[in-house]
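J.: Go ahead and model the full structure; you've got the sequences and the hints to work with.
Residue numbers (my numbering): 541 to 984.
Do not rely on the hints blindly, as some may be mistaken.
[Stated by the list, open to error] Estimated spans, in silico, between C-beta atoms of each pair:
{"hint": "1", "residue 1": "D882", "residue 2": "L771", "range": "15 to 21 Å"}
{"hint": "2", "residue 1": "E767", "residue 2": "S634", "range": "53 to 59 Å"}
{"hint": "3", "residue 1": "R887", "residue 2": "E857", "range": "34 to 40 Å"}
{"hint": "4", "residue 1": "G865", "residue 2": "Q961", "range": "27 to 33 Å"}
{"hint": "5", "residue 1": "L576", "residue 2": "G804", "range": "24 to 30 Å"}
{"hint": "6", "residue 1": "P579", "residue 2": "Q982", "range": "45 to 51 Å"}
{"hint": "7", "residue 1": "P860", "residue 2": "A948", "range": "47 to 53 Å"}
FYI, nobody ran anything at the bench for these hints, they're computed from the structure.
Beta carbons are placed, not taken as given, at the ideal position from N, Cα and C, and that holds for glycine.
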Amino acid sequence: MATEARMATNPVPRFPDGFLWGVSTSAHQIEGAAELRGPSVWDVFTSEPGRVKDGSTAAVACDHYHRYREDVALLAGLGVDAYRFSVSWPRVDSPGGLDFYDRLVDELCAAGVRPVPTLFHWDLPAGLDWLERDTASRFAEYVSVVADRLGDRVGKWITLNEPAEHTLLGHALGAHAPGRGLLFDALPVAHHQLLAHGLAVRALRACGAADIGIANSHGPTWPASDEAADLEAADFYDVLLNRLFADPVLTGRYPDGIGELMPGDVRADLEIIAEPLDWYGVNYYAPTRVGAPQGAEIEFGGLALPAELPFSVRGIEGRPLTDFGWPVVPEGLTELLTGFRDRYGDRLPPVVITENGCSYEGLDDQDRITYLDGHVRALHRALEAGVDVRGYFVWSLLDNFEWAEGYARRFGLVHVDFDTQRRTPKASYGWFREVLRAQRDQHG
541 MATEARMATN PVPRFPDGFL WGVSTSAHQI EGAAELRGPS VWDVFTSEPG RVKDGSTAAV
601 ACDHYHRYRE DVALLAGLGV DAYRFSVSWP RVDSPGGLDF YDRLVDELCA AGVRPVPTLF
661 HWDLPAGLDW LERDTASRFA EYVSVVADRL GDRVGKWITL NEPAEHTLLG HALGAHAPGR
721 GLLFDALPVA HHQLLAHGLA VRALRACGAA DIGIANSHGP TWPASDEAAD LEAADFYDVL
781 LNRLFADPVL TGRYPDGIGE LMPGDVRADL EIIAEPLDWY GVNYYAPTRV GAPQGAEIEF
841 GGLALPAELP FSVRGIEGRP LTDFGWPVVP EGLTELLTGF RDRYGDRLPP VVITENGCSY
901 EGLDDQDRIT YLDGHVRALH RALEAGVDVR GYFVWSLLDN FEWAEGYARR FGLVHVDFDT
961 QRRTPKASYG WFREVLRAQR DQHG
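T.: This is the structure we're talking about:
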């Protein structure tokens, strides 16, 4: 009743006809059934003591591999247009591994939910290494296998998820798999993932795909002050976390000074990386406030940032925090999207928000409702400002294995009891269902 009353008194603005509403998950975080696939770098990482805060692994996770029909029923009950999931490369490399995705896609199509697979969401097969250029070619071969099998039912594809975070957390800082602490020597990882993206676009086109994007994470960078040192540090951070992964894809160029740090002569690679996209995916969670280095290790968002970095990340004051400690700043999404429109102009294809969500405890998750409501409205303001936005995906359908946090963070619209695997829709599930129903009613 509270959700219905809220919707009646302050309805979400109407989005355009054909706007795509969905939810997202990833294979390693929900599938389980680890014994039915090859190992990934995350299996190796989580087997090492101290890597995951609660000592857990994703061997079972949400057991989605066996319970996918129940989960698709939840999607159908929610009323989403589309489901963004990821395909596990180690599973596809295992005998019969693609059969699972055949079944899942068939189930989604039967339920009237559009399948939107992401082809890489951090679970690299053990034995491969993004420091090696050959991994990009191996990825393109795997993409061709998946597209050949699923392409008759899948129309919309995502190549990579968040290469920035995979580079920074997994290879520069060592907080995620594969657990390296290379700092700036991790830059080849960024380049090889971007090359893999471009090669994957070509492989998908060769298989007849015509609706391809990437899911890059982005957020505004806010200087800690107007002092020159803070402005310089914030600009450098923005290059590393935003422009390093957007500029090559959208313009065919690295930001000034970055290309020279990449392995070899990258000019031919940039032509591949900049293969035209049908849309550009943005994962948005919050802005980052950045200042000059402070000469000491900094604890930020559960990460220890080394003192030798040429910037420091500061807290954003005066904002509510999620249970993960992330600031809630809906207007940052509007700022980000209008800024991208201004920076890239006609080089920016239509945008899809491929992830947006928050971690909160409890079934009566009113804070999550407030968060999502604010961000949907911020997205609508970007539309009103002239940004061509075509879709919005909530992270996530289910509570899941939250990487190095283990099972301590709950991002789902659906609560999962990890002892019994019982699924219980939260209040936010009901809120989102009503938003989607109202959108359909407004469109007749």
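J.: Each hint: holds or not?
T.: Hint check:
Between D882 and L771 the CB atoms are about 19 Å apart, so this pair conforms to the stated range of 15 to 21 Å. About 54 Å separates the C-beta atoms of E767 and S634, a value consistent with the hinted range of 53 to 59 Å. One distance hint, 34 to 40 Å for the beta-carbon pair R887 and E857, holds here, with the actual separation near 35 Å. The given range of 27 to 33 Å is respected by G865 and Q961, whose C-beta atoms sit roughly 28 Å from each other.
About 38 Å separates the C-beta atoms of L576 and G804, a value inconsistent with the hinted range of 24 to 30 Å. In this structure the hint that P579 and Q982 lie 45 to 51 Å apart at CB holds, the actual value being about 48 Å. For P860 paired with A948, a C-beta distance near 19 Å fails the hint of 47 to 53 Å.
In this structure, the earlier hints numbered 5, 7 are contradicted, and the remaining ones agree with it.
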